[in-house]
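Sequences and hints are given; from them, build the entire structure.
Protein chains in written order, with my numbering: chain A, 1 to 134; chain B, 1 to 149.
Check the hints yourself; a few may be wrong.
Claimed, not checked - Coverage of chain A stretches by chain B, computed from C-beta distances (three or more under 8 Å per stretch; other residues unrestricted):
id, region
1, 50-58
2, 73-86
3, 110-117
Derived from the structure by calculation, the hints contain no laboratory data.
We put the CB at the ideal spot given by N, CA and C, even for glycine.
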Amino acid sequence: MSLFNTLIPSSPRPSSLRDEQRSADLVHTVKPAYEIKETPEAFGVTVHLPGVAKDGLEVTAESGQLRILGRRAWKQPEGWTALHRESAAEPFEIIFEHEHAVETDKVAAELRDGVLRLSLPKPEAIKPRRIAVN
Amino acid sequence: MNLIRYSYPHYRLASSALPRSPWAGLESEISRLFENVVSDYSAAVPPTRFPVDIYEDKANTYVRAELPGVNRDDINVEVTDGALTIAATRKVPAGHGEGEQSVAINRVLSLGEDVQSDKVAAAYENGVLTVTLPKREQAQPKKIAVAVK
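Structure (structure tokens):
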């Protein structure tokens, strides 16, 4: 039984890394802009991942966590000099902790124009229920 | 002297092809680092301002703007009086109990004088807008062969 039936976003930090080795390109990641909405049936998460194509997107769900990793599809071509940078080239990464408040096998994801929309249905057990009174 | 207009009073203006201070890159890097740290504590709402990168090669100047979730039809790119204006409307689809919301976002960058404003092209892919600004002939480095007799 979990204490909270909600989505808690967390940013991966080197100290919180698990034992598994992270590949070199994932040492530095940036946290994308996101929005969480909740309805009685599901959580709706919108994550802004500009420059990420479908091939570079990984959505993994395991042990109460939903991890979104987006690698950018664009690389600075040779011969281009950067005059001014505001964006980062690092991959996007964000982890949502849900403590099993989400049915992970029914997660639906859609990536369009750099915006990922996730629909995370709640399990029957935590949906509000109307109890008939006899 | 160039007159510079901008949309974000609190934000350092990206002046494109103009010569820049050697510390400008470091400064923007430091503010970006701070922004990353501070953003953990701020509300995680999709931003209304958008980051812009400027690159150049021999023939063109390129402006890349991160505009995720904007329809192509809602992006306006204009070049007027030596300034590049990127204006976009982000529409958030209607959800539960909420109608469609739209947010207008825009940015103005000053351009150097060596841009061929009639040949500007723009492309939008994966939520990133790339504007290609060709340089004028005389701005491109030219090799002149000198015959030595």
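Hint check, failures only: none
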